[in-house]
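Asker: Chains as they are written, first to last, in my numbering: chain A, 1 to 367; chain B, 1 to 367; chain C, 1 to 367; chain D, 1 to 367.
If you're looking for bench data, these hints aren't it; they were derived computationally from the structure. Careful, some of the hints might be misleading.
Because identical chains cannot be distinguished in the list, a pair is counted as satisfied if it fits within a single copy or across any two copies.
[Stated by the list, open to error] Below, simulated SDA-like cross-link-like pairs (lysine to any residue); rule was C-alpha separation at most 25 Å, straight line: (1) Lys321 - Gln277; (2) Lys134 - Pro245; (3) Lys233 - Gly266; (4) Lys346 - Gln331; (5) Lys219 - Asp103; (6) Lys321 - Glu247; (7) Lys7 - Arg270; (8) Lys134 - Met154; (9) Lys321 - Val40; (10) Lys233 - Gly81; (11) Lys321 - Gly362; (12) Lys233 - Leu33; (13) Lys130 - Thr226; (14) Lys219 - Ser65; (15) Lys219 - Asp99; (16) Lys7 - Ser110; (17) Lys134 - Val221; (18) Lys7 - Pro245; (19) Lys274 - Ile232; (20) Lys130 - Glu247; (21) Lys134 - Gln275; (22) Lys246 - Gly335; (23) Lys7 - His356; (24) Lys246 - Gly231; (25) Lys274 - Val288; (26) Lys106 - Ser65; (27) Lys233 - Met61; (28) Lys134 - Leu350; (29) Lys321 - Glu283; (30) Lys106 - Gly230.
4 protein chains.
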Amino acid sequence: MRPNIRKIMVSTSGGDAPGLNAVIRALVKRAILGYGWEVVGSTAAYNGVMADPMDLIPLDMERVSGLLIQGGTILGTTNRGGPFEFPVQGTDGQWTTEDRSEDLIKRIRSLEVDAVVSIGGEGSQAISQKLFEKGLPIVGVPKTIDNDLSATDMTFGFQTAVETATEAVDKLHTTAASHNRVMILEVMGRDAGWIALASGIAGGADVILIPEIPYDIAKVVERVTTRQRGGIKFSIVVVAEGAYPKEGVPFAQESNIVGRRQPILGGVGRWLVKQIQEATGHETRVTVLGHLQRGGVPCPPDRILATQFGVAAADLVAQGKFGHMVALQNQNIVGVPLTEAIRQYKYVNLDHHLVHTARGLGVCLGD
Amino acid sequence: MRPNIRKIMVSTSGGDAPGLNAVIRALVKRAILGYGWEVVGSTAAYNGVMADPMDLIPLDMERVSGLLIQGGTILGTTNRGGPFEFPVQGTDGQWTTEDRSEDLIKRIRSLEVDAVVSIGGEGSQAISQKLFEKGLPIVGVPKTIDNDLSATDMTFGFQTAVETATEAVDKLHTTAASHNRVMILEVMGRDAGWIALASGIAGGADVILIPEIPYDIAKVVERVTTRQRGGIKFSIVVVAEGAYPKEGVPFAQESNIVGRRQPILGGVGRWLVKQIQEATGHETRVTVLGHLQRGGVPCPPDRILATQFGVAAADLVAQGKFGHMVALQNQNIVGVPLTEAIRQYKYVNLDHHLVHTARGLGVCLGD
Amino acid sequence: MRPNIRKIMVSTSGGDAPGLNAVIRALVKRAILGYGWEVVGSTAAYNGVMADPMDLIPLDMERVSGLLIQGGTILGTTNRGGPFEFPVQGTDGQWTTEDRSEDLIKRIRSLEVDAVVSIGGEGSQAISQKLFEKGLPIVGVPKTIDNDLSATDMTFGFQTAVETATEAVDKLHTTAASHNRVMILEVMGRDAGWIALASGIAGGADVILIPEIPYDIAKVVERVTTRQRGGIKFSIVVVAEGAYPKEGVPFAQESNIVGRRQPILGGVGRWLVKQIQEATGHETRVTVLGHLQRGGVPCPPDRILATQFGVAAADLVAQGKFGHMVALQNQNIVGVPLTEAIRQYKYVNLDHHLVHTARGLGVCLGD
Amino acid sequence: MRPNIRKIMVSTSGGDAPGLNAVIRALVKRAILGYGWEVVGSTAAYNGVMADPMDLIPLDMERVSGLLIQGGTILGTTNRGGPFEFPVQGTDGQWTTEDRSEDLIKRIRSLEVDAVVSIGGEGSQAISQKLFEKGLPIVGVPKTIDNDLSATDMTFGFQTAVETATEAVDKLHTTAASHNRVMILEVMGRDAGWIALASGIAGGADVILIPEIPYDIAKVVERVTTRQRGGIKFSIVVVAEGAYPKEGVPFAQESNIVGRRQPILGGVGRWLVKQIQEATGHETRVTVLGHLQRGGVPCPPDRILATQFGVAAADLVAQGKFGHMVALQNQNIVGVPLTEAIRQYKYVNLDHHLVHTARGLGVCLGD
């Protein structure tokens, strides 16, 4: 049975990703034009609702005009804990956290909001699932710039990040070639190497290092020196921030994701500079791309995907498919249960055709 | 049983598409590094082989260096007929065509070429199939910037074309808004509206017209005037070159593809300018994007796909899967029989999620 | 003596140019932060003031936030006549024009506006001068995307237009080379060839045709065929829309600017296609860049120049230098009398170093 | 009296700058087409000539085709000392330097090279002057991406660097605004703040710190907190790598350029993060742009300037104006004596209109 919806709320959370505003715009357009709903935005994830007075933004057609090409999110995000671990300051001044989820749901209901759309990463979707279990009619929109969610073939923001990284490789390429240098580009990817793999192939890197393949530094060094002996005095290395060597890094620690290690202190890029320079005598430089990968105008495919997600999220609400998340699967937009979506990471599988392609080009993957 | 390959030949044909050179580069790298083959390129499709003396380009690692980011094709293409309709000049000076396919195959064999990779559009793949039937060991790489081949989820060049078209919409947008104009962008798409649909959604167009949906000009005019009455004095129209009105264009002719009509004389964009201006009194302008969509540096996704295709084409040769074409299917690269691949167009289906998304945003599709 | 200013008005007029919004933003910031003034914008040139009720936009810090990178103008422009030739409809329904300048000045004074900043082209600055002579305290900001004003070394928008045109040449280059074509790009420039000359040099064109040098079509044809004989089977031609042949175009008419001719019917680009194709048998194509050159995000140098102009315009008002226009002269921003600035076109001088550079590269300039 | 030239040599040296290849291309075209000379390139500055056998590249029309849009330099550069401080290894294995300038000149003469064009920075031009004094007919082309040479209004590469930096500011802007952060971008500029000033204005930075204005960290902190109190919870800081605080950095050392200090250990950007975060409690992040500013395709103005320089350098040779360097002065290309050109830095003058513009916008310059 279709739910009776008159008003929905939307919020964004977690790190920046190009396309967040495009999702909001599409959702609002679909909600108003297609369903005649009212839309309100909560600022800084759910903090807008938790504030006194509440900090809410009415979202009408005029407010979302122009958002398609605008990076960031007009709703903002937060680093504070979610409603289940809400930070509170005791009378002694100390900060602790408490479960304020009931209060959140109560406040949302007091707004006569009939459904919530939560745009956010894996952590946010886990919170969404728990709120859903407590009775909040909620629909999720996945957001991970690393494209590391198995439930969806692609997430928005990823392709813009790959474009930014590829443009950086292009820029480093000419300098490396002219100046006989090893140029290292450190890109995002704590756990999954998709950005490194895609931008490395797109930029024609000689070495690509990803978290899924602990690298043998000797292999990397060998590649650089082999090229040099062949008369090519430069090399381009693209490394995911979460890549780590097979051995010899005592300070790497297990992460809370099973099998994940903390990035190397000071960054894997800097560590590689030292290793390669010492082993080869070759002038080696690193560029850490960092936040540049999360910002700016979304590229066309990200605008399209984000728009599809926004429209589909409104559709899920209209269909009463709460506790579901929109996803791209085999070129179609579908709804998947949040329970399936969360904690199902999509790592680079060594059988993946991109890995095969990289090897086919003679790219060193560190193994 | 794996064939015994020592030397392969590659050629490109048909209209330009960003990524052609990237295919060549990946093919050559895979052939040399992975299989130890020699590679030679025939210029201007098979014309290089048909010339006396033959016009062939040896393709080694150095020759393909830098091709990844270079538009066009170093092998060139031709507008002349293929080997089955080879143009010959009679003693009376008149041009006729004759079947020179046997001669072509003989010449290729005389080069001790063990397999041929043909990168080209639907017409070229049909020729490849016929040459394969005559005994030539041949592998195809699909090339259609319109992305209108059902055998593959995506073709290289398409995303660069969409990017170019989207950037054009972005540029027109600010002028349209400032100057209260209807701005029309005519993009490629004789039979399929993928570029118009994708760039229209990515650019936030108000009207998108595609060949698959014959448009009612009254609906287009209504959209423009409705916006105007709502205080928004500009509109953006993206139209595929092959779009045509439901009625009232006497000079439209059936094309050789069943159901296809010839584009409107002078271009559909110009025709729309006249129609909209007359009906609304609104200042209306058209920009015909044309060749700009086929040129330039391939965008990262096109570089990646072209590279995957190049590597996979070499793999098909190595596996002896002749008479097959590489294709992207559900995120994987596969080989499909040429017989299945040719003449299976992929039109915009009205059930496609992109159509749904456009409607969900309130975009007028002319129906 | 410094004038006592409390409130200023700003308006934009004429064709679009990237940087208009950046001027408005800088002007408002300087006016508010530096001088404590109130700023109001008149929409559609002076039409906002002439409307009943007046259509004015209060411009504060929040309103101009984000304008730096936004193409177009939030104040809009108009094609209607200025206050001296204001269109009025008689009781018989016929449109005539009358001088409404006194009314305009009266209305502006009724707003307690102490000074006006008019951002516009040569025509607008001529109106500004006449209004100034009638007592309106007015300061001008030059706007011509063609960079054809002698009073200033550079105008904003020009460099973005050159960038757009150069990117187009880059895209055409690879297709031309791969497909053995003559590719023609028609760019803006009715009277002055700066855009064609700059983008032609920046894009590596083989032929550049500008209005200042009536071309000999035989010379153009010769260049194409010479290249072909030398084994280079493609050529790139960049032509300003106002370029015309030395002889043989009967329908060219004298323009209202002395010595200027109307562009060739159907466009000079199309005319060249026919001429070159007939004379050489070479496949020749034209792309008309049109409105794409006026839109989009201003490039960094245009953002900087527009910002300098906006700040300087406020400074001129503060200094009471009315009847002056801001200008870039020898890397400094100065104020020049409007009387000097108007009707002093800056054509491409044949002694200019850019002309020398083009010839030095072997570019055919049609003479 | 015009010299009798038949053959010239060209070399590039120092750090990368977009446009180096464009200079080489224009020089070669002008030399061959305009003067009928032969051109040879020495690799890695003069190292190509000093090698046994000499490592020289013949430069003809085909070799320079396509170089206009290619970053880097096909001639390469070196970090080794010039001919006056040539590194030599003694019999004891120790490296020392000796004056090999006579040997260099002898070797160049043995090639029947009639003139040398040296493209390089201030250090290279000083070497050129000394070689000129020793009788080598030499012409210089200035190269400094920092645009800090007083003899020329502009150097190629600078505008591309500004574009890259501005695009980075644009990307950081949306993330900063969405996520309430202070975002710092560290750009090039050891001694001169032109890149920071230009990209800061073009990107709409709130704080711009340059070496010419030692900053008061309290002023920077005040700007961030003032914005925050006004409800704007983010700030953008662009800082030149050579900027330093007025006081409190004990490890800053005097540089060999009088008045210059060494950059702060670990980089000024990181230092600022710590200072701002501690003082404001605001989440603060730094991005170090580094090598990305030196690479990639030159933007149109840099292509044009580099091309003008290349043509003009050949002209200086033809005119026998040895010991001179090409320069842009007041929109014209001229030759200036090397003696005037070297060691005349162009710092940001506090009276410069860009400084005035920044202040006019309310930008904090740290003072």
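Asker: Taking 25 Å as the upper bound on the Cα-Cα distance, should Lys233 and Gly266 be classified as within, between, both, or neither?
Answerer: Intra 27 Å, inter 28 Å, cutoff 25 Å: neither.
Asker: What label fits Lys321 with Gln277 when the C-alpha limit is 25 Å: within, between, both, or neither?
Answerer: The answer is neither: 56 Å in one copy and 44 Å across copies each exceed 25 Å.
Asker: One pair to classify: Lys219 and Asp103, alpha carbons no more than 25 Å apart. Within, between, both, or neither?
Answerer: Neither way: Lys219 and Asp103 sit 56 Å apart in one copy and 42 Å across, limit 25 Å.
Asker: When no copy is named, should Lys7 and His356 be tagged within, between, both, or neither for a Cα gap of at most 25 Å?
Answerer: between (49 Å within a copy, 22 Å between copies)
Asker: Regarding Lys321 and Val40, is the shortest C-alpha distance of 25 Å or less found within a copy, between copies, in both, or in neither?
Answerer: within (20 Å within a copy, 49 Å between copies)
Asker: Give the relationship of Lys134 and Leu350 under a CA distance limit of 25 Å: within one copy only, between copies only, both, or neither.
Answerer: neither (40 Å within a copy, 39 Å between copies)
Asker: Check Lys134 against Met154 for me: Cα-Cα at most 25 Å, and say if that holds within a copy, between copies, both or neither.
Answerer: Answer is neither; intra-copy 29 Å and inter-copy 42 Å both fail.
Asker: Between Lys321 and Glu283, at a C-alpha cutoff of 25 Å, which is it: within one copy, between copies, both, or neither?
Answerer: Neither: 57 Å inside a chain and 38 Å across chains, both beyond 25 Å.
Asker: My question is about Lys233 and Met61: at a cut-off of 25 Å on alpha-carbon distance, are they close within one copy, between copies, both, or neither?
Answerer: Result: close only across copies, 15 Å inter versus 56 Å intra.
Asker: Up to 25 Å between alpha-carbons, please classify Lys130 paired with Thr226: within, between, both or neither.
Answerer: neither (54 Å within a copy, 40 Å between copies)
Asker: Is it within, between, both, or neither for Lys219 and Asp99, if the alpha carbons may be no more than 25 Å apart?
Answerer: neither (50 Å within a copy, 41 Å between copies)
Asker: Quick one: Lys274 to Ile232, C-alpha cut-off 25 Å, is that within a copy, between copies, both, or neither?
Answerer: within (21 Å within a copy, 41 Å between copies)
Of the numbered hints stated above, those contradicted by the structure are hints 1, 2, 3, 5, 6, 7, 8, 13, 15, 17, 18, 20, 21, 22, 24, 26, 28, 29 and 30, listed in ascending order.
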